[in-house]
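Next come the chains, spelled out residue by residue.
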Amino acid sequence: MSGRQDLSSRQDHRRAEQVDLGRWATGLLIALAVLVSLGPFLWILVTSLKSPAQIGARPPAWLPELDLSFYRAVFGQHDFGRYALNSAIVATATTLVAVLFGALAAYPLARLRMPGRRWLLGLVLGASMFPQIAIVGGVYRLLMRAGLLNTYPGLVLPYTALTLPLAIWILASFFREIPRDLEDAARVDGCGPATTLFKVFLPVAAPAVATAAILVFVYAWNEFFFALLIMTDPARQTLPVGVAQFPGEHEVPWGDLAAAAVVATLPLVALVLILQRRIVSGLTAGAIKG
Amino acid sequence: MAALDLKAIHKRFPGGGVAIEEVSLSIAGGEFVVLVGPSGCGKSTLLRIVAGLETATRGEVWIAGRRVDGLPPKDRDVAMVFQSYALYPHMNVFDNIAFGLRARRVARNEVGPRVQAAASLLGITALLGRRPAELSGGERQRVALGRAIVRDPQLFLFDEPLSNLDARLRTQMRAEIAALHRRLGVTTLYVTHDQVEALTMGQRIVVLRAGRVQQIGTPQEVYERPGNLFVAGFIGSPPMNVLPVRVMGAAKHTPAEAGVDRTHDAALRFAEHDLGKVRLPAAFAGRQLLLGIRPQDLRPTDEHGLAITVTLIEPTGGESLIYGVCGEVTLIARATDSGDIQPGDVIRLQADLTRAHFFDPITERRLEL
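So the sequence lines, in the order shown, correspond to chains A and B. Using the working numbering, you'd call the opening residue of the first sequence number 1 and step up by one each time. Using the working numbering, you'd call the opening residue of the second sequence number 1 and step up by one each time.
Just so you know, the hints here were simulated from the structure itself, not pulled from any lab data. Model, not experiment: these values are computed from the prediction. Warning: the hint list may mix true and false statements.
[Unchecked claim] Selected chain B positions facing chain A (Cβ under 8 Å, derived; list incomplete):
(1) LEU53
(2) LEU71
(3) PRO72
(4) ALA79
(5) MET80
(6) PHE82
(7) SER84
(8) ALA86
(9) TYR88
(10) PRO89
(11) GLY100
(12) ALA103
(13) TYR223
[What the hints assert, rightly or not] Not the full set, but computed from the structure, chain B residues with beta-carbon under 10 Å of chain A:
(14) LYS7
(15) GLY52
(16) ASP75
(17) TYR85
(18) PHE99
(19) ARG102
(20) ARG104
(21) ALA144
(22) ALA148
(23) ASP159
(24) LEU275
Even glycine gets a Cβ: it sits at the ideal position worked out from N, Cα and C.
Please construct the entire structure, taking both the sequences and the accompanying hints into account.
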């Protein structure tokens, strides 16, 4: 009797050990992944808070002296505010346009029974896979002819074109999950297709809208290639382009760059934090039975 | 002028299958009509065609004297209650109910009182601030009802609204909906697969099968004078027993005089068993017919009767259902007291042939005696 008890308790113990080991291993793996992802950013953050003396130190200084001189330089010596404003305008406009038209396109693609619908969706997604370098020449000439170089629409239009497929895809996938009964109820209650889309679909699809908005905004905010080519007027340049111009001919102001990078990333972090809760899709619970 | 008029509605699916075949129906103002039938019979499709959520391949839909089959749902002045409630999850109960009014641009100061009135009628005033996710099934169903009532439409359409409720709630809501109808008097088209709901709620019942109307009539008509074998078997629970019988009796009657049908007491034989005598027209002599007899008209007896081998006893509260086989046919009998009857016993059943129905074995139509 007691022998059997010993055996089972030993087995339990070993099993518990295995579980602990498994959890330890998982934890370690996660920590490693986080470190690899956030590592570069943490380093930049640390760098931005160093004193100028610490920058070139060998071996590298790990703990910053919490010196804000680089931040002051960013706003004082460079035209950071201007760049940030341009980025904000372009990114916001792109997000609004892409999400709006994305929703308008996603609704029929998700709902209407039309032949070739899946092909259309595939085509839309395929358009987003074009390497940018292949189209930039044509886009440039189009914008030049239209007189849109160095204007906000000149960036918003290509950005929208490049992010629209993604927005459509995200919104269409979510729309498809919305029960048809909800749509029918709206139709019988008195909504035309547009009202149904804006008053019923979009609110219910808020998680998808938030996700699409975040992705589009981040893309537009960080985009460098088109911005570099299309905005040559310093007054209109966006953050990535502006910050890339910090380095002079002879020296690279690492501290300034680090501070600029941190400041440029803050709005994105804020945006994600704000919209993060909406991405949790608990919204359709309760609308339909069960 | 009928409140709802369906003229030769025909619906074919894109795949080619026929969903609804030449259905015509006329509903008077204030009537409560139930569309009932097994799954897939087309009743929901028919309802959706009336609502405008689907279009018929052929046929016309008229609501209150106005032809509506070209109009979208919002212009038809109908309100619908869905099986899944279909409440807007991002709005609270008040906004859910008010949604239809606001979509139709009802004056702001009118929306509030109307919503309050509907809510108090359904007893959900306390729930107006809550979201659908916070409500129970029965409460959600009431909100769905409120959303329909507040619109004060020409026509109520119900699409199996009680199917998702537990049995007790279902019985309660059935009574409430019936009471609501008595109070509001709005023409109602109600779809269900539950024939009990149909019998208890409908003023008239439309029995559908595979897209075709089998019979239209009051609950009593449909129950006591089913038009064909399908209706007889579908309406009434447990279902009617059907046995093939042969009408005995001398076939050598003199031909009836024109217009005069002579009847005689004919003996019925089922397989090798004598079922008794029943008064039948002379023309039936020698024919093979289908006999339909409801379980409550088939009772265990100690006297002479049809012998069956019991396979199952189902006690249902006040009485018991006795399932048995006789030859290849399974029969169900109802007894107030099954006594000591056990599965495997051989018992005798007596049929009350005065309440029996006869069906033509080929057309399956009920024969009028």
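Quick check on ASP159 of chain B please, does its C-beta sit within 10 Å of some C-beta on chain A? 9 Å, holds
A closest beta-carbon separation below 8 Å is what the hint needs, so does TYR88 of chain B meet it against chain A? 6 Å, holds
Double-check ARG102 of chain B for me: the hint is only fine if its C-beta lies closer than 10 Å to a C-beta in chain A. 9 Å, holds
Can you verify the interface hint for PRO72 of chain B: is its Cβ closer than 8 Å to any Cβ in chain A? 7 Å, holds
So, TYR223 of chain B near chain A? Judge it on the closest CB pair being under 8 Å. With Cβ-Cβ at 31 Å, over 8 Å, it is violated.
Taking 8 Å as the limit, does the beta-carbon of ALA79 of chain B come near enough to a beta-carbon in chain A? This hint holds: ALA79 of chain B lies near chain A, its Cβ roughly 7 Å from the closest one there, short of 8 Å.
Is the interface hint for ALA103 of chain B satisfied, with its Cβ closer than 8 Å to some Cβ of chain A? 4 Å, holds
For the hint on ALA86 of chain B, just tell me whether its beta-carbon gets within less than 8 Å of chain A. With Cβ-Cβ at 4 Å, under 8 Å, it holds.
Evaluation of the interface hint that places MET80 of chain B against chain A, nearest CB under 8 Å: 5 Å, holds
Evaluation of the interface hint that places TYR85 of chain B against chain A, nearest CB under 10 Å: 6 Å, holds
Satisfaction of the GLY100 of chain B interface hint, Cβ to chain A closer than 8 Å: 4 Å, holds
Hint ARG104 of chain B vs chain A: min CB-CB distance below 10 Å? 5 Å, holds
Of the numbered hints stated above, those contradicted by the structure are hints 2, 13, 14 and 24, listed in ascending order.
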